[in-house]
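Using our numbering, the first residue of the sequence shown is number 1, and each one after it goes up by one.
These aren't lab readings, by the way, just hints derived from the structure by calculation. Source: prediction; values computed, not measured. Worth double-checking, as some hints may not be accurate.
As the list claims (entries may be wrong) - Straight-line C-alpha distance at most 30 Å; calculated BS3-like pairs for lysine-lysine: (1) K91 - K102; (2) K132 - K175; (3) K135 - K150; (4) K132 - K102; (5) K102 - K71; (6) K71 - K83; (7) K192 - K135; (8) K154 - K175; (9) K150 - K192; (10) K132 - K91; (11) K102 - K135; (12) K192 - K175; (13) K192 - K154.
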Amino acid sequence: MSSRIIRGDSTETSKIKPFRLGADVHRPADQALTSSSETESVSPELSQSLAAPEQIESGGEANVRISELEKEAYQQGFTEGQKAGSEIGEKMSAALLERYSKTLEELNHLRRELLMTSEHEVIRLALEIARKVIKREIAIDEEIILTLVKVALKRVSDHTLITVRLNPKDCNVVKRYQSVRTESDSLSDGIKLAEDPLISRGSCVIETESGIIDARVEEQLREIERGFFE
């Protein structure tokens, strides 16, 4: 059997390329099948997914920074608020203390006024009682006027000219007394008795060259009252 060698034309021969074992043989199976054209044809979604880890890492840092800024702002606001609240509290405390001190002062003043008022009222009441008691005693014992006149005359240093002005009823009592008493027990002969209806019973006014002694009961009570209130 004879053999034939078929020769092709040069054109077909030039299209045949030899198969070479190169670096692709040593690539992993998933990379060996990927050509440069396939790499270039990767979809945008895949590219974004490949870049996602870096973007996630960058976003995490931003969140941390935002959290830190929020904490700083909160702390600053808290500090400023605490300071402002402390200042307001101090001002309110000072105002309350001032108002409290003023109230205490007013209460003390009111207390003094009440004590003074009650004291004055008690004194006036006592004097009014004394006035009524004296009038009653004079009405019961007419000779009390003799004692009052003698006490008033002891206050007179000049005995040259003395006039004792009395209520007409009291003047009659003194004259009766003078007529029955002994010379040592009676009033001095230099004393002149004069009736004065403007003078209440139990009272007298002594007139001398040196001045006038008002021994009226009302005047003596007023003098006692002035001594209490001055």
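Comparing the hints with the structure gives:
no. : hint        : result
1   : K91 - K102  : holds, 17 Å
2   : K132 - K175 : holds, 26 Å
3   : K135 - K150 : holds, 18 Å
4   : K132 - K102 : violated, 45 Å
5   : K102 - K71  : violated, 46 Å
6   : K71 - K83   : holds, 18 Å
7   : K192 - K135 : holds, 25 Å
8   : K154 - K175 : holds, 19 Å
9   : K150 - K192 : holds, 13 Å
10  : K132 - K91  : violated, 61 Å
11  : K102 - K135 : violated, 49 Å
12  : K192 - K175 : holds, 11 Å
13  : K192 - K154 : holds, 16 Å
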